[in-house]
Amino acid sequence: MKSTLSAIRQDCATEILRMYKQANAGHIGSSLSCLEILVDLNFYRMQKDDYIILSKGHAACALYVTLAKSGKLPIEMLQTFYRDGTQLAAHPPCSDQIPAIPFGTGSLGHGLSLATGLAFSQRFTGKNFHVYTVLSDGDCNEGSTWEAALFAGHHKLDNLTVIVDANGLQGIGSSKNILDMEPMNRKWEEFGFQTVIAKNGNDFESLNESFTRLKKTLKGPRCIIAKTIKGHGVSYMQNKMEWHYLPMNDTQYEDAVKQTGMKDA
Amino acid sequence: MRKEFSSWAERRGREQKNLIFLTGDLGFNALENVEKAMEGRFVNAGVSEQNMISMAAAMAQQGLSPLCYSIAPFCVFRPAEQIRVDVCLHKMNVKVVGNGGGYGYGIMGATHHAIEDLAVLSSFPHMKCFVPFSNQSVESVCEEMMNYNGPSYLRLGFGPAPSELEPFMCYQKFQQLKKGEQITIIGIGPVILNAISAATQSETSADIFAANELPLEDLSEEVIASLKKTAKLLVIEEHVARGGLGEHLSLLLYKNRVFLEKFHHLHALGYPNQLYGSQIYHQTQSGLDPQSISKALKELT
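If you read the sequences in order, they're chains A and B.
Per the numbering used here: the first sequence ends with 1446, consecutive numbering throughout.
Per the numbering used here: the second sequence ends with 321, consecutive numbering throughout.
Read the hints as simulated data drawn from the structure, not as lab findings.
Please note: incorrect hints may appear among the correct ones.
Said to hold, decoys possible - Straight-line distance between alpha carbons at most 30 Å, and here's what the computed DSSO-like set of lysine-lysine pairs gives:
{"id": "1", "chain 1": "B", "residue 1": "Lys37", "chain 2": "A", "residue 2": "Lys1229"}
{"id": "2", "chain 1": "A", "residue 1": "Lys1400", "chain 2": "B", "residue 2": "Lys56"}
{"id": "3", "chain 1": "A", "residue 1": "Lys1183", "chain 2": "A", "residue 2": "Lys1250"}
{"id": "4", "chain 1": "B", "residue 1": "Lys111", "chain 2": "A", "residue 2": "Lys1308"}
{"id": "5", "chain 1": "B", "residue 1": "Lys318", "chain 2": "B", "residue 2": "Lys199"}
{"id": "6", "chain 1": "B", "residue 1": "Lys56", "chain 2": "A", "residue 2": "Lys1308"}
{"id": "7", "chain 1": "A", "residue 1": "Lys1337", "chain 2": "B", "residue 2": "Lys37"}
{"id": "8", "chain 1": "B", "residue 1": "Lys318", "chain 2": "B", "residue 2": "Lys249"}
{"id": "9", "chain 1": "B", "residue 1": "Lys111", "chain 2": "A", "residue 2": "Lys1250"}
{"id": "10", "chain 1": "A", "residue 1": "Lys1183", "chain 2": "A", "residue 2": "Lys1408"}
{"id": "11", "chain 1": "B", "residue 1": "Lys111", "chain 2": "A", "residue 2": "Lys1253"}
{"id": "12", "chain 1": "A", "residue 1": "Lys1337", "chain 2": "B", "residue 2": "Lys56"}
{"id": "13", "chain 1": "B", "residue 1": "Lys249", "chain 2": "B", "residue 2": "Lys275"}
{"id": "14", "chain 1": "A", "residue 1": "Lys1183", "chain 2": "A", "residue 2": "Lys1439"}
{"id": "15", "chain 1": "B", "residue 1": "Lys37", "chain 2": "A", "residue 2": "Lys1400"}
{"id": "16", "chain 1": "A", "residue 1": "Lys1183", "chain 2": "A", "residue 2": "Lys1253"}
{"id": "17", "chain 1": "B", "residue 1": "Lys282", "chain 2": "B", "residue 2": "Lys249"}
{"id": "18", "chain 1": "B", "residue 1": "Lys37", "chain 2": "A", "residue 2": "Lys1308"}
{"id": "19", "chain 1": "A", "residue 1": "Lys1253", "chain 2": "A", "residue 2": "Lys1397"}
{"id": "20", "chain 1": "A", "residue 1": "Lys1400", "chain 2": "A", "residue 2": "Lys1229"}
{"id": "21", "chain 1": "B", "residue 1": "Lys198", "chain 2": "B", "residue 2": "Lys282"}
{"id": "22", "chain 1": "A", "residue 1": "Lys1183", "chain 2": "A", "residue 2": "Lys1421"}
{"id": "23", "chain 1": "A", "residue 1": "Lys1229", "chain 2": "B", "residue 2": "Lys111"}
{"id": "24", "chain 1": "B", "residue 1": "Lys111", "chain 2": "A", "residue 2": "Lys1337"}
What the hints assert, rightly or not - Derived DEER-like restraints, expressed as beta-carbon distance ranges:
{"id": "25", "chain 1": "A", "residue 1": "Ile1353", "chain 2": "B", "residue 2": "Ala245", "range": "55 to 61 Å"}
{"id": "26", "chain 1": "B", "residue 1": "Glu163", "chain 2": "A", "residue 2": "His1335", "range": "30 to 36 Å"}
{"id": "27", "chain 1": "A", "residue 1": "Lys1380", "chain 2": "B", "residue 2": "Ala130", "range": "49 to 55 Å"}
{"id": "28", "chain 1": "B", "residue 1": "Phe279", "chain 2": "A", "residue 2": "Gln1278", "range": "41 to 47 Å"}
Positions of the beta carbon are idealized from the N, C-alpha and C atoms, including for glycine.
With the hints as extra help, turn the sequences into a complete structure.
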C-alpha cells in the first residue's frame, strides 16, 4: 500500500506545484501539509458514499488534485485553477456543481459543524456513510469547532472522523505562541472523541497505524491528531509560516519539483 | 405568535416526516407539543447557534427540511456567517425562526431585541425573510415559507389582531388590511396593527397594507394604484431605517416611477435615551406607538 500511495502522492505533489506556479499563488505549504491525509482518504480509505469536508479550505489545491486523480472531479478542470470563470478558486466552491465537494469552505470553523450535520442526518435518513473532515490548527481556535465537537461527542456520532492537520503553524505565527492548543489530544478526548496521535502525519504508515488504533467497537466520534510539516517535501518551505502565502519564483519552482521527484523516486 | 407558530409546527411536523426541528435550547412552555409530535425529529442543539445553523445546512444537503428556532437576535446575528455561507451561498432549504423580532422581548433588554435582522438577512443571496403581521396570519405565512425551497427567515412577534380584521388565510406579498382615500400606509410585522389603531384614533381614511416578506421583488398593482390615488405614503417598521422596508420600498417606488407628494418613514431608533422598558415603551421612544403614528397621520393628511 505504502509504495502505491507514495507514487500517487508524488504525482499529486508535482501537479500541485505546477498549478500553484501557473497561478502564481500561495497556500502551497498548506496543501503540502495535508496532502498525505487527502491521498490516504481519497485513494485508500473512503468508500463510495463517504464524504470529506476540507475545513481548512485554503488547502483546496490538494483537495482538487486528489479528487481529480481519484476520478471524482474531471481532470481537465484542474487547468482552470485560479482562472477567471473557474469553479476551482483558491478555496472550495460554494455551489452544487461538484458532488465530491458538498460544501464550500474557506472561513475556518465551519467544517466540523457541516461534517457533524452530515453524520447526524443519518439518524433520520437511514443512509450509511462515513464523514471525514480535515481541520487545521487555526480551525481549532474557532469556537464553532468546539460547539460541533460538543454535539458530536454528546450524540456519539461514530460515523464521524476528524483529522487535525497539526503542523503547528497558523495565520501569522506558531500556534504555541498564539493560542497554545496543547495538549490537543486531551481536548478532543474530553469532548468525547476517541483520539490518537499520528506521530508523522506525512507518512502513510503512521496515518494507517493511527486509523487502525481507533477502535470500531467504541461508540462515538474519532479524532486523529496528525503531526504534520507545513510545506512537507520541499526543504525551503518546511515549517515556514510564510509558505502559507508566498508564490514560487522560477528557481524555487524548479527546486521544489526536483525535490518532489527525488524524494519519492 | 409563538403559540400559533407552535401549533402550526406541530401539525406540519406530524405530516412532513423529513422536517427536523432544531432549537438553540429555547422554547420553554412553547414547544413541548412540537417535540411530542415530531417523534424524535426534535433536536435540542444546545446553546450553540453557529453549530445549529451549519448542521442544518448539512441536513438540508441530505434532503431533510430543517427548521432552526431561537430568540431572533440569537439565531440571526451570532450565526450570521453560517447563514451566509453554509445556508445562503449554497441555497440550502433551511428555515431560521426567530421569536420576538423588533422590540418584542421588551424589558429583557437590547441583547434580546432584533431591530437590524431584516437588513442583514435580506442582503444574503437567495434569502427570503417572512414577517407575519398578526397571530392569525402566522399559518399562511409559514405555509408560504415552506413552499419556497430555499433559505428563509421567519420573524415572529406579538400580534393580537383586532377582531374586525379577516384572518387572511390566503398569502399575499402585500396584504391590504384597510381601505381609504387620504393616505397609504405600508408596514411590516405586527407594528402595522398600531397603524390601524392610529388611523381609527385620528379618523384618517387610509389604505393600509402589510408587507409580508423582504426583499420585495416589486410593488403590487394594488399598492401602485393606492399610491397614485393618495400620493402620500407612511412607511412603518419596528426595524432600523437602514436596510428595512422603507429603503426597499423607496427603490421600488423609483423603479415604478411612482412620485409622491409626501413620504414619511417611522422606524426603530434604537435606544435614544439609553433606557429600557416594555415593547410599547420602546415603540413610543421610536414614534411607533398608536399615538405617535396618529400624530404623524394628522400632519401628513
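A quick look at each hint next to the structure:
At most 30 Å may separate the alpha-carbon atoms for a hinted pair to count; Lys37 of chain B and Lys1229 of chain A meet this at roughly 27 Å. The straight-line distance between the Cα atoms of Lys1400 of chain A and Lys56 of chain B is roughly 27 Å, inside the 30 Å bound, and the hint therefore holds. About 17 Å separates the Cα atoms of Lys1183 of chain A and Lys1250 of chain A, which keeps this hinted pair within 30 Å; it holds. Between Lys111 of chain B and Lys1308 of chain A the alpha-carbon distance is near 22 Å, which keeps this suggested pair within the 30 Å criterion.
Taking the CA atoms of Lys318 of chain B and Lys199 of chain B, the gap is near 17 Å; set against the 30 Å cutoff, the hint holds. Between the alpha carbons of Lys56 of chain B and Lys1308 of chain A the distance comes to roughly 24 Å, so the proposed pair stays at or under 30 Å and holds. A threshold of 30 Å between alpha carbons decides the hint, and for Lys1337 of chain A with Lys37 of chain B the separation of about 23 Å falls inside it, so the pair holds. Our distance criterion of 30 Å between C-alpha atoms is met by Lys318 of chain B and Lys249 of chain B, whose separation comes to about 18 Å.
The suggested pairing of Lys111 of chain B with Lys1250 of chain A holds, with an alpha-carbon distance near 29 Å, which does not exceed 30 Å. For the hint linking Lys1183 of chain A to Lys1408 of chain A, the alpha-carbon distance of about 18 Å falls within 30 Å, and the restraint holds. A hinted pair counts as satisfied when its Cα atoms are at most 30 Å apart, and Lys111 of chain B with Lys1253 of chain A qualifies at roughly 23 Å. Of the pairs offered as hints, the one joining Lys1337 of chain A and Lys56 of chain B holds, with about 23 Å between alpha carbons and a cut-off of 30 Å not exceeded.
This hinted pair checks out: Lys249 of chain B and Lys275 of chain B have alpha carbons roughly 18 Å apart, not beyond 30 Å. Restraint check for Lys1183 of chain A and Lys1439 of chain A: the C-alpha separation of about 21 Å stays at or below 30 Å, so the hint holds. Taking the CA atoms of Lys37 of chain B and Lys1400 of chain A, the gap is about 27 Å. The hint holds against a cut of 30 Å. For the proposed pair Lys1183 of chain A and Lys1253 of chain A, the alpha carbon gap of about 22 Å is at most 30 Å, so the pair holds.
Distance restraint check for Lys282 of chain B and Lys249 of chain B: the Cα-Cα separation of roughly 13 Å lies within the 30 Å cut-off, and the hinted pair is therefore satisfied. Proposed proximity of Lys37 of chain B and Lys1308 of chain A is supported: the alpha carbons are some 15 Å apart, at most 30 Å. The suggested pairing of Lys1253 of chain A with Lys1397 of chain A holds, with an alpha-carbon distance near 27 Å, which does not exceed 30 Å. Between the alpha carbons of Lys1400 of chain A and Lys1229 of chain A the distance comes to roughly 23 Å, so the proposed pair stays at or under 30 Å and holds.
A threshold of 30 Å between alpha carbons decides the hint, and for Lys198 of chain B with Lys282 of chain B the separation of about 20 Å falls inside it, so the pair holds. Annotation: proposed proximity of Lys1183 of chain A to Lys1421 of chain A holds, straight-line Cα distance about 27 Å (limit 30 Å). At roughly 25 Å between alpha-carbon atoms, Lys1229 of chain A and Lys111 of chain B fall within 30 Å of each other, so this suggested pair holds. Between Lys111 of chain B and Lys1337 of chain A the alpha-carbon distance is near 29 Å, which keeps this suggested pair within the 30 Å criterion.
For Ile1353 of chain A and Ala245 of chain B, the Cβ-Cβ distance of about 60 Å falls inside the hinted range of 55 to 61 Å, so the restraint holds. In this structure the supplied range 30 to 36 Å holds for Glu163 of chain B paired with His1335 of chain A, their Cβ-Cβ distance being about 34 Å. Remark: the range hint 49 to 55 Å for Lys1380 of chain A to Ala130 of chain B is upheld by a beta-carbon distance near 51 Å. Between Phe279 of chain B and Gln1278 of chain A the Cβ separation comes to about 44 Å, which falls inside the hinted range of 41 to 47 Å.
When each numbered hint is compared with the structure, no violation occurs for any of them.
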